[in-house]
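Enquirer: So you can see what is in the structure, the chains are spelled out below.
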Amino acid sequence: MLEINGLTKTYGNGVRAMDGVTLSIPKGMFGLLGPNGAGKSTLMRTLATLQYPDSGTIQFGDLDPIKEPKALRATLGYLPQDFGVYPRMSARAMLDHLAVLKGITNGKERKQVVESLLEQTNLKQHANKSVASYSGGMRQRFGIAQALLGDPQLIIVDEPTAGLDPEERNRFHNLLSEIGENVVVILSTHIVEDVADLCPNMAIMNQGKIVAKGAPTDLIKELEGKVYSRTVAKADLPALRTQYNVISERLVMGQVVIRVIADSAPDGFDAATPDLEDVYFATIAEGRQAAAAA
Amino acid sequence: MLSKIAGFEFRFQLLSPASIAIFAIFFLLVFGGVTIDQIQVGGGGSVNINSPNALTVNILIFSVFGAIIPTVFLSSGVLRDFGFKTSELFYSRPVREFDFVLGRFIGGFAITAAVFASVPLAFFVGSLMPWLDPELIGPTVLWWHPYLFAVFGLVNMWVVGTILFTVANLTRSTVVTYSAFVGLLVLYFVGLGLSQAQPTLRETFALIDPFGFNTFNEMTRYWTVFDQNERVVAFEGVLMTNRLMWIGIGFALLVLNVVTFRFRRGGGKVSKKAAAAVAGPTHAISEFDLPRVTPRLDAGSSIAQFFARLSFEVKGVVMNVAFWILLVLGLLNTIPGFFLGNEIYGTANYPVTRIMVQVVEGAFSWLPFVVVIYYASEVMWRERRFGFSYIVDATPTPSWVFISTKFLALGVVITALITVSLVAAALSQLLMGFDQVELGQYAIRGLVGMIIPAALVAALAIFAQVLFNNRWLGMAALLVYQIISIVMGNVGLDHNLYNFGSAPGAPYSDMNGYGHFLGMQLWFYAYWGFWSLLLLTLSYLLWSRGSLTAILRRLAALPRGFAQPGTAMVGLIAIAGMISTGGWIYYNTNILNSYQSSNAARAQAAEYERQYLHLQDEPQPTIVDTAYEVEIYPSERRYTANGHYELENQTGETLDTLWISYGQGTNVLDQTLEGGSLASADEEFYLYEFTMDPPLAPGESRSFNFQVERANPGFRNSGNVTTVNYNGTFFNNGESMAIVGFNGNWRLTDRQQRRREGLDPIDRAFPLEDETHWYENGITNSHYVGFRSEVCTSADQTAIAPGYLEREWTETDDQGRARNCYEYVMDRTILNFYSWLSADYAVAERETDGILYQVFYHPDHAWNVERMLEAGEDSIGYFSEHFSPFQYRQYRILEFPAYATFAQSFPNTIPFSEGIGFIANLSNPADIDYVYYVTAHEAAHQWWAHQVMSANVQGGTMLVETFAQYSALMVMRQAYGEDHMRRFLKFELDSYLSARGSESIEELPLYRVENQPYVHYRKGAVIMYALQDYVGEDVVNRVMQRLIDQRAYSSDPYATTLDFLRILREEAGPEWEGVIHDFFERIVLFDLEASSATATQREDGRWDVTLEIEAHKFEADGAGQETEEDIDYLIDIGVFTENLDDAYEGSDHVLYMEKHRIDENTMRIELIVDEQPLYVGIDPYNKLIDRDSDDNLVRVQIVE
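Protein chains in written order, with my numbering: chain A, 1 to 294; chain B, 295 to 1494.
Source of the hints: derived by calculation from the structure; they are not laboratory data.
Backbone N, C-alpha and C define an ideal beta-carbon position, used for all residues, glycine too.
If you want the footprint, here are the derived chain A segments under chain B, 3+ residues with CB under 8 Å: (1) 47 to 56; (2) 84 to 95; (3) 102 to 110.
Chain A is nowhere near these chain B residues, computed Cβ spacing over 10 Å in every case: (4) His938; (5) Val1034; (6) Glu1296.
A few chain A residues that don't get close to chain B, going by computed Cβ distances all over 10 Å: (7) Gly6; (8) Arg16; (9) Gly20; (10) Lys213; (11) Lys226; (12) Arg230; (13) Val252; (14) Val256; (15) Ile258; (16) Pro274; (17) Asp275.
Pulled out of the complex, with its shape left as it was, chain A reads as follows (with noise of 0.2 Å):
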C-alpha cells in the first residue's frame, strides 16, 4: 500500500536523519520502533507531507505525496509527536475548525462527524473545555479524534503513548487497532510494548537506518534458543561486558539481570525466552558494535 524507497534526508547541522530508507507497509498497523534520535519523526513528517526528503521516493497507492503533497493530505490522519493546543478554544470547536480545513466544509455532516468522534473518543462530556486544560490522555485522545477526521487511508501517529498512564495506554491501543483495520496505521515509538501489542508488522530504524522489519513474531522467532540470562553482581558488570554480548541490564526486585546473545549456554546463564524487547536491544546493540567498529 505504501512504498517508500531510498529515503535520505541530511540536515543542516550534518545529522543524517535518513539514510536509504525503503519499507513496504501494508494495510493495518505498522510499528516502527526505534531509540529516541533515530530518524522515526523525521521520517513520520516526511510522510505526512511536512518536510521534503533529499531523494528518494514515497508511493501511497496511486498518489505520489512528494509531487502532489494536497492530494495525500486529503486522505491523511497526522497525529504528531508532540503538539501544543490554542489557548481558550474547546475540543469542538478545534475540532469543527480542523474539520473545515480537512474539507468536510457541509455543516450538517460536518457537526456529525465531530460529534461522532468526540463520543468515540470519548471526550464528549468535556467537548466544550478548553483542550489546554486536558490531561495528557485525554489530549492524545483529542489527537486521535483529529486525526481522524475525514476517514483518513493513511493514518501516522508519532509517539502516542509517552507519557500515558498504563489504563490510557490501553485505551489508546484500543483506539488505534479499531481504526487500524482498513486502512495503513504507522506507529512510531521508541515503547516495545506498543508495538508488540498491536502490530502485524513492524519495522526497527536506528541512526536513519532500517535494521530490522517483518512481523514481530518472525523477528522473535530469529533469536529463539540464543538469548540467556543471569542475575549479576553490580561490579562483576564491567568484566561480563567485555566478556559477553549483552544485550540489556535492567534490575528486576533491586537485582541485576542481564541478558545476553550467545549460540550456547554460557557459564552460570539460563535459558530465556526471547520476546520483542531482545530483538529491539539485539538489533540497536548491533548497531552500535557497527558503530563502534566503524
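Go by the hints and put chain B onto chain A.
Expert: Relative to the frame of chain A, chain B by itself:
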C-alpha cells in the same frame, strides 16, 4: 552563586545572534548618521558633526529606540525559561531566589550596556572618517563619550530595563512585556508631544522624563551654536534630580523583583493543569465506530476554508489582551492631540475634521509600522508557537488560504487601530461642541492615508517572515528596509516607483478638498497593491509548510507553484497590474512631467550658476510698465498669460542684448521684442537671449510681449502641490512671467550643498555699506512698475489681482464654457511683484473713511472674518494716523488652501492661508488673538515694503519685517493692553532664543540681519517693543514718519537700516545712545532675576516692599559665545496684586511700575506701595532679551 548566574547570563547572550545583530544595527545606524551628510542627527548648520550636542542627541534618540535592547536581553532572561519550558528544571535546582533574580538581571544589564556601547563607539569611529567635511569637525574630547553614555545611555537602559524586567517577572508573558515596551514608547511620545504643545509643562516634563530628553532640551533650550559645539550638559540641577530619581526608581523595582520572586510561580501552569478534567470511559476495550465522511476538496471547500481561517485568525488577534492594550495605546496616543494639538501662539483652532485627521496621521506616523511588524511575526508564527503547526499543515487546505487570512487579520488589526482613533476624533469634535463632523473625510483619509499604507507594509512584513524563516530576522529585515529607504530618499534615490509602498504626499484643504491628490495617490497605491499581491502569492508559494526548509530549496519549488493555473493567473494579474499601473505612473511622472532626483536638481542648479552667473552683473533694461491677460482654468489646473512689458534703459550705456528668464516648468509659447530678435535659447534653463537691433540707447523704451502657459499635466513623483487648484488658486509673477536677466531663484544657497557642487559659499546678503546695492531691492530685478491685468476664471469662481476692479464681464470660451472675467488696474506704481488668485469665495466687506475692507473666504470659514475686518480697520487707522496716509482705497484679504501656512502682503491684496487664522478659535479672551496680529502685520507691509522698500543689503528685512512687527504690536497693544503683550512677547522671546542654536552661519545684530527670520521677526518684535518703551511710542512713530518721508517709493536709493538709525539717533537724543547701540548694533542679552521679596505693613496701612535682584548683561558674538559686561541700565521694577501670567488689562493689578537704574549685579530695592503686594519683579513685562524670562517675578513673603 550570584556571579555565576550573572556570568552565565552574560556569556549566554554575548555571542548570541540577537546581541550581535542588535549591536551591528545600532552601530550602522549611528555610523551612517554621522558619516552620511544627508542625515544629520543633532548636527546641521554650523554645529559640528562630532559636537557634544550631536553625541548627546544620538545617545538620547537611540536610547529611546534602543529600549528594545533591555526588552530583549533583560526580559528574555526571565521569559526564556518559560519559552523553552526549562523553568521547572531551573527552578527546582538549589539556587537561591535572590541570586537567581539578581544574577539574571546583572548579566542581562551588562549585556545591554555592552550592546548599547555601539552608539558612542559608532559615533566616535564615524567622526574619524576621512571624507567628512573638515570644517564641521571639532576637537574630539574623549571623556564626553563615557560621560554621556553613562548619564543618558546607561541610565535610560536602566530605567527601561528595570521596568520591563519587572513586567516580565510579574506577568511571565512575552506579549504583555512587548506591549509594555510599545506602551512605554507611546506614552513617551505623547508626553513629548504635550511638552512641545504646552510650554508651561516643559519644566515638569524635564523633571520626570524617564529618558531625559526633555531634561536635555530644557537645559540647552537657548544654547547657541558655540554652546552646542563646546559644552556638554553638566550633571547638576534638574538633570541630576531626574537621573537620580530614575536610578532610584529602578532600584526600587529591582527590590520589588527580588522580594516577590518565587520559583514556585514558575509552576503556575502546572497547578492549573492539576485541576484539569480527568475523564475516560470506564472500560478500556470498547467498540469503535469510525465516522465515514469523505472530504470534498474543490473550489467551494477552499472558500469555506478561507472563511473558517479568516474567522479563526481574526479571533486569534482580537481575543487577545495585547490587541485591546494596543487600541487603548492608540487612543492615548491621539486623544491629547485632539484637544491640545495645533495651537498657534497658544491659541487653539476649531477642531475641523481636516485638523483632527491630521492629528491622527501625526500620531500614527510610526505606530502602525511597529504594530504591523510585530503582528506579522505573531500571526505567521502562531501555529508553531502553540505547537499546532504540524496538525494544521498536514490538512489539505491550500496554502493561499493560510497566508491570505493572516494578511487579512493584520488588516483587521490596522483598521481597528485607526478606526478607533478616528471615531474618538469625531466624538472629541462633538465633545468640544463642534458639529461639523465630516464622516466621509474620516473614512476616505483614514483608508487612503493610513490603512492602505499600513496594509502594504503588512504584505511586505509577511513576505519577510516567510523569506527568512525566522521571526526576529523577519522583523529586523523590515527595520533595515525602513532605514535603507530613508537613506535612499536622502541620497536622491527618491522615485516612488521603487520605494515600496510610497506615494507622493496628499495634503488636504477645506477649500480644495482632496483636490487632485486623491486620484494620484490611488494610482500609486494600486501599483503597490499589485506588488503586494505578488508578494503574498510568493509568500504562500515559498512558505515553509511543515518543517522549516532552506530558502534555496523553496525557491527551487517556485516554478512548480506557478505551474498551478490559479496561482499562475493571480501572478499574471499582479504582474500585469504592476506593469500597467507602473507604466501609467511612469508616463505621468517621467514623460508628462520631468522627474529629477534631489541630487540631479542640485547639480542642475549648480550648472545654471556656473554657466550664467555672469549675467547677474550684466546691465539690462528695467521693466517700467506691465499689463497681463491671464486665463485661469481651475478644473485643468492650468493658466495661460499674455504679458506686455515696457522696458526702459535706465543705465547710462547703450544695451544690445536682452536676457529673459522664466521659472522652471513654464511653457513659453511666444515672445517678441520690439526692435529685436531671439538670438539664442537655452530651454533647459528657461533662458533666452535677444539681440536688440538697433541697440537700446539710454532712456529709450521698447516693448516686450510674451505668451506663457503653466500646465500641470498628470502628476509628479513629488511636489504635486500646485499653484492652480480646483478651488483655491494663488500664484505670483515669479512663477511663469518673464524675468529680465538672471533668475536668482535657481541659485543654491545652502553652504554644504554648494560645497558638494564645488561652488564657493555665497553671502546671504551684500554688506550694509556696499552702496552699489542700495539702488536695487532684494525682491525683483525691477523697481516700481505700472500694473494692470485682465483675468478670467471658471464661472463658479472669482479671480482677483492687485489693483482696483475696473470692469467685470462674462465670456464663453471656445469650448462653450462660461467664464468670469475681471480687469484690475493699479492707479500708482508698485513693486514688480504681484499675485493672482481664484476661488469660489464668499465676501464680507465694510467701508470706513473711504477705504473698502474685504475678506474673500471659503464659505465654511466665516468664524474670524469680522475680526479680520476689524483688525484691518484698526491697523490702517493707526498707521495712517502715525506713519503716513494709506496709499490705496482698498484692503483685501483672500483665503488660500492650507498647502502653505503664511499670509503675504501684495498691494491692497493679502493672500492668507486657511491654516493660520480662518479656523482659529478666539472664543477664550485669554488666548492670544493671532488672527488680529497676522492681519495687522500684513496691513503694516502696505507701508513697510509697499511704501518704504529696503535696499538689497544687510538689514533689509529689518526694515520690512521688524517694522511690520512693531506696527502690529502697537495696534495689538491698543486693542488688548500691556498684559496681553507680555504673553505674546514671551512667545517671541522664546522663539528667538531657541532658534539661535539652529543658526547655520552666524547670528548678526538686528541692523545687519541677513534674512534671518528668528532675528527679524522674533528678536525684532521684542527689541522694537522695548525701544518704544524706552524712548517713547511717539518718538519711534516720528522716526517712522521721517523715514517714509525720505524713502517712500524711492529706488534711488532704497532705504537702509543706516537711514533708520540716523533718524532714530536724531529723534531720541544722545541719552539713548547706549540702548540704541545695544538693541540694534550688537547682540546683547540680559539675565535678570528677582531673587526674593518681602513686604511689611506700615503703621499708615501702606506696605514696605524689599526686592532682591540679580542682574547681568552679556554681549554675544555671532556663534553665541557670551562675554559678560558691566550692567548700567534703566529697568522696570514692578509690584503687582496678581501673578502677571493670569493678569488682564483693566484689572488694576499694578501697584508700582517704574524704571530703576540697575548698575550692580546684585541689588536691593526698597519701595512703598498702597496695597498688599503679591508679586514683585524686575523687567516683569519681559521687554528685554532675557536668557531666562521665567524668573523675573517672585512671590512676596509677608513679614509681620
